[in-house]
Amino acid sequence: MSSADLTSERDLPREREATPRGDIAPERDGPRDTGMDDASLRRWLARTWRTPPGIIGALSSVDHKVIARRYLITAFLFLCLGGLNAVAMRIQLSGPQRGLIGPDLYNQLFTMHGVTMMFLFAVPIVQATGIYLVPLMVGTRNIAFPRLNAFSYWIYVSGGLFAWISFALSMAPDVGWFAYVPLSGPEFGPGKRADVWAQMITYTEVSSLAVAVATIVTVFKQRSPGMSLDKIPLYVWALLVTSFVVVFAMPAVMVTSTFLILDRLVGTHIFNPAEGGDALLFQHLFWFFGHPEVYIIFLPATGMVSAIIPAFARRPMFGHLGLVLSLIAVGFLSFGLWVHHMFATGLPKLGASFFTASSMMIAIPNGVQIFCWLATLWDGRPVIRTPLLFVFGFFFIFVIGGLTGVMLASVPLDLQVHDTYFVVAHFHYVLIGGSVFPLLGAAYFWFPKITGRMMSERLGRWHFWLAMIGFNAAFFPMHIVGLWGMPRRVYTYPAELGWGNINLFITGGAVLFFLSFVLFAFNLVHGALKGAPAGDNPWDAGTLEWATSSPPQSYNFARIPVVTNVEPLWAERAALPVATGLRVDVRELLVSTVAEAHPDIREKSATPSIWPLLAAIAVGGTFLYSIFTPWAIVWGAAPIAITLIGWFWPKGDPEDEE
Amino acid sequence: MKRLASIAFATAIALFLQGCAGWQSALDPKGPAASELAWLIWFFTGLCAVVWVLVMIALAIPLMMRSRVRAEPLVLDAGADSRKLRVVITAVGLTAVILVGLTLLSFFANRTLAAIGSDAVLTIRVTGHQWWWEVRYEDATPSRILTTANEIHIPAGEPVRLLLTSTDVIHSFWVPSLSGKLDLIPGRMNVLDIKADKPGVYRGQCAEFCGAQHANMGTFIIAEPRAKFDAWWNDQLQPAAEPMSDEAKAGEDLFLKRPCVMCHKIGGTPAGGTVAPDLTHVASRQTLAAGTLRMSRGNLAAWIADPQGVKPGSHMPVVQLNGDELNAIVAYLEGLK
Amino acid sequence: MRPIAAMLLLAILALAACQREERDTRPQSALGSGEQPTPVTTLEPGGQRPSPTDNKAASFEANAFHLSEGKRLFGWFNCSGCHANGGGGMGPALMDEKWIYGSSMESIHATIRDGRPNGMPSFRDKIPDDQIWELAAFVRSLSGNAPSSAAPSRNDDMMAHPSENRMPDAATLGKSP
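Chains as they are written, first to last, in the working numbering: chain A, 901 to 1558; chain B, 538 to 874; chain C, 2 to 178.
No lab work stands behind these hints, which were simulated from the structure alone.
Hints are supplied without guarantee of correctness; some may be wrong.
To be verified - Below, computed lysine-lysine pairings styled on BS3-like, alpha-carbon distance capped at 27 Å:
1) A/1551 to A/1504
2) B/735 to B/874
3) C/127 to B/786
4) B/802 to B/786
5) B/765 to B/735
6) A/1121 to A/1551
7) B/802 to B/765
8) B/802 to C/127
9) C/127 to B/794
10) A/1504 to A/1121
11) B/874 to A/1131
12) A/1131 to A/1121
13) B/874 to B/786
14) B/621 to B/765
15) C/127 to B/874
Stated by the list, open to error - To spell it out: a stretch of chain A is covered by chain B in this simulated footprint if at least three of its residues, at any positions, have a beta carbon under 8 Å from a beta carbon of chain B; those stretches are:
16) 1080-1087
17) 1318-1326
18) 1344-1357
19) 1382-1395
20) 1465-1478
Unchecked claim - Part of the chain B face toward chain A, derived, beta carbon under 10 Å:
21) 701
22) 747
23) 781
For every residue, glycine included, the Cβ atom is placed at its ideal position computed from N, Cα and C.
Let the sequences and hints guide you as you build the complete structure.
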């Protein structure tokens, strides 16, 4: 792989000062890593890639690891808030006719629970894991568009704060997380509650679109030399497919929430049947996003499973190509089944049956994934550690969720269980089993990489069993009570229907499940402070993120690794081959070709900047203001323009001058 | 530990299933549509359980293996892998076959359901309101058109056609022991055919979130033999009963003078409001406030005195009445059989 | 300094939001006497009533829930029968800036409760007091006298006029956006 040498080697003065920014001398060149000894290379890189000190420095950070850590912590906090919502609801439902929580608060609680879990926890946390891991896994120094990435975090935080401050002010949305019109529309949704829903979605859309774009470009253009398409790790594939799904699905909900705001604020009649609009249009638009949304949450989790299993089964994934193809197939098919959320709206029967078929069809690529994982595990006895336990939990729970999903795909059957606790049980089996359990496994798996310390294995097993028992006790009986006729989103129920005991049992399970997260939080803190030092590669896994130190340096890799195998660390036990030729005095990345990952050009990576934060404040303020008046768009345009001009102001880099 | 958990689960499930006979349960079918669906639910559940057990066995195999942990991750047994490939392909093929089977099954079940109401003789228009059901019995003779609320009487053993629509938000009509649910959407009309095999009372509930009192939007289908049903219809067409006692007479006066008259209708009196349930024969119904309270003198009084305490957020306002006035109105309404 | 300012801002926001978003469905006690204050005389020099003795007006007039309830009742009680969606017909228009008996909540409440000469009937016994307050708040919003953040938006219906939250602000005569 000497072809990876980008330029002819030159001896460079070791202690040369970093080239000033505005220097456009004819020889636009600085020191390179070629031939540089390790100690001075690391010194150079640390100085070039560091996050500036101080509060302003921290706020201007563009390091993907710093941003991802913030994302992860924020998303975990929102998980806790959403979980508390759920516990409050479960206590209210623990017996018939309880008077703890009235309908007004209860409706806000379940809406906030759904909105928080979907938009403020699940999507951000899977994307955050990607922000942390994708650049490491493809062997580059930073994510593409690092400032956009920083911007996305600030927008996400402001959206989350917006929603939760609204909740504190008792103006949280109370119309369910899919906020069907007319209930959320102008006539039946007084106040600003539904507007809060609509704009909160906009914040999270913008932030997840930004991350998706950055992820796609990182995966396509920044892979280390040799990582051709067939050698991309499955986790990275999963994130790539997810990002494409985000790019195509999010605009649909953006249209939905904008239409809703227009109807409420400007008085358009898009969803008004009396003036030629249509209430069902909202549902079509929403679920065209809403169903892919499930896969946005689920696909990265399959990537995590595909990363954890090989490490503990001690072999590369069986059927790598099949898994990649099924990921892509799921990505495509996820756009073809939104109507199965609407079977009860009285659609033409033949059309509905078509969506039965397409909904069933998506079980095939998912089946391929499950069979390939199982086949990988069959090769000898796996090493059973906490991450793998959670993967087993994933199989146990997700397969049930998938199978009840097949039941829901059937039009007639769906008519009995739609909008009942059966559906509540189903999507918690799919989302918690399919996404949260792999995420917990991933937390145990990658925690040593992020912090340099191990989490407690003993506590991890306690956590696993508590979570398994709590989860199943809380959610399995919901299938039954749903078939007994209990609709979802009821704040109370009559005693004579006999749902009291089973609901008390469910509440017990929910509390147990919540406690498992308390234990997990304790384990996280304990591990971060007192865990055993981890070393670079505690699990002896094969992908690139384990090649660098734990936690990784700001520059990720001292030298860009060259990939020869889908599990490069297993193939090159002695030392990874490296590519050289990048400058060390400025932030420089290696850009490679899309298919073969041949080194192509050297490209600058953005330096820390406070402008993304300022731009996010301007954009966030505009969104907030826009729930009160359409003029917000006009007044908000000016500060947004100013911050964007500041952000993109030419800095006199040689590149800008060309 | 896992095995223990699963045993505990099986026991728990068995216990739960004992209680599955209810008057609002999809597992306790009382009509042809619900029977077809219950059968479908059990079939799917059984098949899914088998698939799930097979996957769990496949997952347990490596845990039972005596072989050691693989030492060299990249050294693979090509023969074993190609055998596995065959297994995986077979499993995927089998999955596809099962899914095609299930798709066809649900398609034909759907056809069966669609055929139930093809010879329906009775058409009932059900309009959803926040948070009660307006029920109108259609008839070719205008004088026989009957409007009532929340409780739907039908002749047992005969298919009945329900026309579903809404005047405000989306609701969903669901009586699990008779049929699957169907939405009531403003600006649209949905058609649901139901049939009860035997006389009985079947509870249903709104199944699409519709606002503050979504939880208390119940309905009852009361299936009766044809003769009894016809008699009921004729009774309901009569104007309201004259108040028998002085107290009830005073109650009628109060009803007509106070805010009640603004929203409610009582046939045979000047009260003609149409935005709230028709009270002409309110005492003949089994429940109050869309299944929230059983019909009784005490509950009537509680509901009138403090509707916002019984059903917070409902559109029935608090009307200031003193004790005598309340008693009088309750006495009057109680007589409206 | 900055945290203090931020907290202050939050407190102001909180007050505004609470007033707007409160959904008190039982503002008056359910166990009242049924007695309502009776005016001493129906004669009112200058069309102005004495200042109100309760603070109901304030708690109703900027509250989104009460405004929207008022809008619902306006339709249910057939106010449009005379006032035609606020445009006026048999009764005076409600969406212009002219007020025969004053534009205050109290005056409108009195108008609905006690009626006015030339056709406006008294709804004293026909509409509970809180609902009259709701109607009064809504009637004010018809002419842009309610904060646009609380005023109702359009109906899911044929709309004969701009929705109440888009009426020009009566205080500034619609001069500023």
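### Task
Could you tell me which of the numbered hints above are not met by this structure, giving the numbers in increasing order?
When the structure is compared with the hints, numbers 11, 14, 18 and 23 turn out to be violated.
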